[in-house]
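A.B. asks: These protein sequence lines map, in sequence, to chains B and F. Under the working numbering, the first residue of the first sequence carries the number 1, and numbering increases by one thereafter. Under the working numbering, the first residue of the second sequence carries the number 739, and numbering increases by one thereafter.
One or more of the hints may lead you astray.
Claimed, not checked - Derived Cβ-Cβ restraints for the label pairs, each shown as a range:
hint : chain 1 : residue 1 : chain 2 : residue 2 : range
1    : F       : R804      : B       : E611      : 39 to 49 Å
2    : F       : K1239     : B       : D385      : 54 to 64 Å
3    : B       : D385      : F       : P803      : 21 to 31 Å
4    : F       : H1249     : B       : P708      : 25 to 35 Å
5    : B       : E517      : F       : S1243     : 55 to 65 Å
6    : B       : P675      : F       : K1239     : 30 to 40 Å
7    : B       : Q705      : F       : S1243     : 54 to 64 Å
8    : B       : Q705      : F       : T876      : 39 to 49 Å
Note that these hints are calculated values from the structure, not bench results. Cβ coordinates follow ideal geometry from the N, Cα and C atoms, glycine included.
Number of protein chains: 2
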Amino acid sequence: MSTKVNITENRIEGALKRIEVVRNQLKQSQTSVSELSGNKTTNYLQLQGSETQSKTSGGTAGILPRERQKSTFNVEAMIHFLNGGKEMTKRRKFIEKVISEKPEDITKKNNFTREDYLKEGVREFISYHKSFANFRPTRKDIFFMSETSYGGGSLNNSHSIFLMTIVGQGSEEQQKFWGPKVLSFQITGSYAQTELGHGSNVRGLQTTATYDRKTDEFILNTPTLQSIKWWPGCLGKVGTHCVLYAQLIMDGQEKGIHVFIMQIRDEHHHPLKGITLGDVGNKMGDNGNDTGFMILEKVRIPRSYMLQKYVRINDEGKYEQVLKVDSKVHYFTMMSTRGMMVGVSGARLAQACTIAIRYSAVRHQGFVDNKPGVSYLTDENQILDYKIQQYRLFKQLANAYALKLTGIWMLNELTNFESNTVGSAIKTEGLKEIASTSAGLKSLCTLIAVTGIEDCRKCCGGNGYLLSSGISTLSLDYLWQITAEGDYIILSLLTARYLLKCIASVMGGKHLNGVVEYLNIISSDGFSLEKAFPGNAKNSVEYTHLDYLVELFKYRALYRNVMVAQDFNEQVGNGMKFEEAWNNCANDLLSATYSHSYYIILSNFVNKVKESKHDDIVKVLTRLVILFACTNMLDDNWGDILNNNQFKLINQTVSNVMSELRPDAISLVDSFDYPDKCLKSTIGRYDGNVYESLFDAAQKSVLNQTDPFDGYKEYLRPHLNLELLKRGNKPIQPTPKL
Amino acid sequence: MSTKVNITENRIEGALKRIEVVRNQLKQSQTSVSELSGNKTTNYLQLQGSETQSKTSGGTAGILPRERQKSTFNVEAMIHFLNGGKEMTKRRKFIEKVISEKPEDITKKNNFTREDYLKEGVREFISYHKSFANFRPTRKDIFFMSETSYGGGSLNNSHSIFLMTIVGQGSEEQQKFWGPKVLSFQITGSYAQTELGHGSNVRGLQTTATYDRKTDEFILNTPTLQSIKWWPGCLGKVGTHCVLYAQLIMDGQEKGIHVFIMQIRDEHHHPLKGITLGDVGNKMGDNGNDTGFMILEKVRIPRSYMLQKYVRINDEGKYEQVLKVDSKVHYFTMMSTRGMMVGVSGARLAQACTIAIRYSAVRHQGFVDNKPGVSYLTDENQILDYKIQQYRLFKQLANAYALKLTGIWMLNELTNFESNTVGSAIKTEGLKEIASTSAGLKSLCTLIAVTGIEDCRKCCGGNGYLLSSGISTLSLDYLWQITAEGDYIILSLLTARYLLKCIASVMGGKHLNGVVEYLNIISSDGFSLEKAFPGNAKNSVEYTHLDYLVELFKYRALYRNVMVAQDFNEQVGNGMKFEEAWNNCANDLLSATYSHSYYIILSNFVNKVKESKHDDIVKVLTRLVILFACTNMLDDNWGDILNNNQFKLINQTVSNVMSELRPDAISLVDSFDYPDKCLKSTIGRYDGNVYESLFDAAQKSVLNQTDPFDGYKEYLRPHLNLELLKRGNKPIQPTPKL
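Using the sequences and the accompanying hints, generate a full structural model.
C.D. replies: So this is what it looks like as structure tokens:
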């Protein structure tokens, strides 16, 4: 308590001191010649921010250190907790060291042309990976790489989805031949699935691979404009090879979609005969990636280029199955990618929170005593002290913690699945659950992250619109993840299908395990939704009980899934076609699935909190859990579950928890442990020297490299009144009293 | 009814025909030499889209014409309705003709560098306005200009906010001297208000203008890093002048913020002595604008450069008031700007809807009969037929109609206010209402538009991320409007303050008029919120009654404002400081204000619908009103007003109305009447030839102008296995069975 008072007193004293110094600066500025005159390339950062405002200092250097003094928990312990242990932190630090930019370069990309982006992306990616030459990364290491270096660039495709397809779909021989060549950049590759007219509905692809018995080859064609390969990264300019998704046609018969490997550029990096390649054009972000197109005209590849882990055409020209497994195993690559994207969603949102919360502590606006007559030299409020700003940012902070921990859980699930079940019998069952979970979570987590990052960005006001803020580029470069690898709507509907099936099998007497276990209650004796309701809270304190919150989220998932299942079955029972009833119920299915995924995220969050052995950490994490749950109840239309009275209680809880979290705000983002060179942000710097940094970056603007601007002579000068301009700021004659 | 059946039959027949043609194309493509080989610059658009898929046609040309046949209303009549009459349509067409790009150039800007953007912006703006030389635009004309040409570029600032400040704050002499020079581009100007450390809190600005009695001049300074002028458009590179907001200091006394005009660049377009100018750096969008910074060091301007409509320093050096009016009149410029932004919000959302809805009709994904074994040549579903897509897009369509009509109403209010009350006595009263209304509506409408545009963009999947889609650039170039001219949160809290005052004055016995009239009920005998509730609906049909919907929205506004007023008063009554209580209630204040603004929008929407004399138009507009209201009830947490049962009824209403609207979807966006050259979209074209257009734009990508890409030799080639690449797609030796 006494510490708190001291901090407040310190703050007031500090403010008064700063105002006094500004006053003196103002007096000086009217008499002395500035050190800035005519010096347009001053490096403001080298001049160092100090705690007093001056011509070279924003006067904000003391703010974040003061904030850090208020922390109620040990930041280092929290860092280890979030990374999964001290050893993991060490490993992450190692990767971070190799992969991040030099601190002085953090804003250079903001002035890049598209060509610069592509070139620099290739250079960076190869140089980093050459440093990792003798390092065999785990799934978690790869995740650390992804979270540290965003954008990624073109070759990211080669090392991830291209390579993973070879490993996932290729025979052992094919893996051995192609795999090492990819890893050492002897070849570079693209994942050529989508087409100009065809997206994630794989079965609709029109590219054909016609087997020619005479030559023992496939003839590859994109026979229509709509079938041009469209959007694969690394396809347009950088890739020498690709894995191609095409309809296999044998003896005039459709055999369905198969995957092939093929070379697309020769040793001079020119497209091979019959192949037209190019980039699809500039995008909102991710511009280091040569998202490409490809036209194929009677391109021939040998029979052995079909990836043949599961099926092949044998030496006798017969189509045959090689390995008999559940067809969904083919999707393990996709599931892994989606799982990785869940992890990345938490990382990106955490980065956005770091920038926005630090900036909101540094940025001041509005007077403490908001009355007319107050001098402009009076200290203004930290914008982080406005409750609306707190609500928006702390909500996202809680989301970020939730998503980070979900990501860790998801990566573990995938790793366990891979190591426990390859070759064993229980594969299929676990696979369905993990496929559905990863689809639903990918959908919801990218949605939460995209929305949250953008709201954090808006919380940064005008400066959040500048590329140098870092949060704008983060938002733009991340945006595509909500659409790629399965649009979020489509993926959630996949999960919805799984959930309806689960309900059907419970009704059929089956017992469910894992994340859908809560559905078993439906078939219990005397079940009704009303009876399952955990009851209304009697006071706002109940909304701080984690188990109660989990019960509520579980109930919402149960309620909405049962309701939509009933509705759907009724429609089908009345003779409606499956697809039509499905379409009719789609909005409710979506909401039911989100409720399910929210329940998974929340219950995992609660479990993780209970794992920590540090009381201070448990305390602050508990507050985040409460905020995560309660802001959802307020913003996500729980009108079907809770009544008006409950909303009032929840509001009260949120208000209390926000006040409790305020002193920890900066330490909670410090605990994400993203160094400045990773955030690449002028306004989210660790030291809080925001204004020095913004101004420094501005001077490097591409427009400031020439003056007058290009186009001045041709387009502006002819219209200007040069005679008037010659006079400068002198009273105008003959209008003396103007 | 029979027409409907015919259309369905036609559609099926058309689909079968198209499939047959694709089948033939596929056969041909395997035997004939393609006309495309080696021809990388084919103009696919010149080849014209046809109704059958081929190597040069996407086969989508018939889709939108078929959709248009289904329309239930006269599109031309709707166009006139939205423009405010036939004459207005004519006027808009005239402006559009001058101001829009040539159709062949619509995607060129997607490959622009920042320098190109700036240059082209200046060229365009001057050339358009030279064409309007003898044209005196009304407020509505200016609105038509804004809605037609987005981006606007640097000089937009000169002709709008710079000029408006001279007119609004300058004496008659000053207006006469500077005004015509701005209009004819003899000078160009910027509105220099915000600073590096200070945003919309005008009183906190630190730039000083110290009056020097000896020379009868002002000495201008930006004494600290935080006080550097930051963000004004047209300041960095293009402007020769600016209006400067600065603290006036006379004889050591602070006189508060005053506005000055000053020259910043000389006849060679170099900054004047003591002035440092530059651009603040690249942004997410709006990159034709040289958003700038300015350092001032002892810059002297004559006394007559202070804008002196209301106050001045007279010839005796005495500070005096010239015109005595309510201080809020100063803000009329800002109010007009905000009013204009309300209008633009509707326009931009309408443009986004046009692109997304046309694309969703053209784009197909997912099979009609979703079962394994279906051939890839089977016709897929229009994505517009998925209920989730409909919900998202039709909701925004309804929002766009609502916002467009709100914009018209707002512009009329401003025009009426201006013409009726200048110099009259009732000024102050009307002013407060219009100031509060324009602030609240600017906040809500830009929020609806920003969110809506971005959701429309997401509905376009991957292609919506491409700049050539037009909807991505629309989203990015529009985004800043939610922050500029008053951040949306701050503005809504301004309105909240006005509403609390209204409630207080009702309680004090005053009668309110205009948009706040509904609050009078509070002081009526025996008033209670429960009694004021319009009652629950008994069936879903009641949610199609416009008057009932208006009553519900009015009630929500009443309920939330009364609740927050009570809460606030209680806190203040318990001894809490005004600002602290205000901060505590901020979230609820925001929600109360939005409810108020939503009520204004809805009731205006309903009034406008009743004005139309065409039955078919009234019918379709009524459906949009219902959807506007009902989607808000579903998505905006009405749990405090409505119970679970009501949500079910509303869902049913929404589902019915969506089906009713489906045949009109394309005609409803056609009625916004934005030509292709204004939309600048490959995927939102009037003719629906989406794939030809996308591919055409892709070929122009800046990356496709060189091959191999810049950087290939230095960074990629050294790592590639050139020996392997020389072999091309041949079986690998010595691994024959690979």
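A.B. asks: Hint by hint, note whether the structure agrees.
C.D. replies: Hint check results:
no.	hint	result
1	R804(F) / E611(B): 39 to 49 Å	violated, 59 Å
2	K1239(F) / D385(B): 54 to 64 Å	violated, 24 Å
3	D385(B) / P803(F): 21 to 31 Å	violated, 58 Å
4	H1249(F) / P708(B): 25 to 35 Å	violated, 60 Å
5	E517(B) / S1243(F): 55 to 65 Å	holds, 58 Å
6	P675(B) / K1239(F): 30 to 40 Å	violated, 49 Å
7	Q705(B) / S1243(F): 54 to 64 Å	holds, 57 Å
8	Q705(B) / T876(F): 39 to 49 Å	holds, 42 Å
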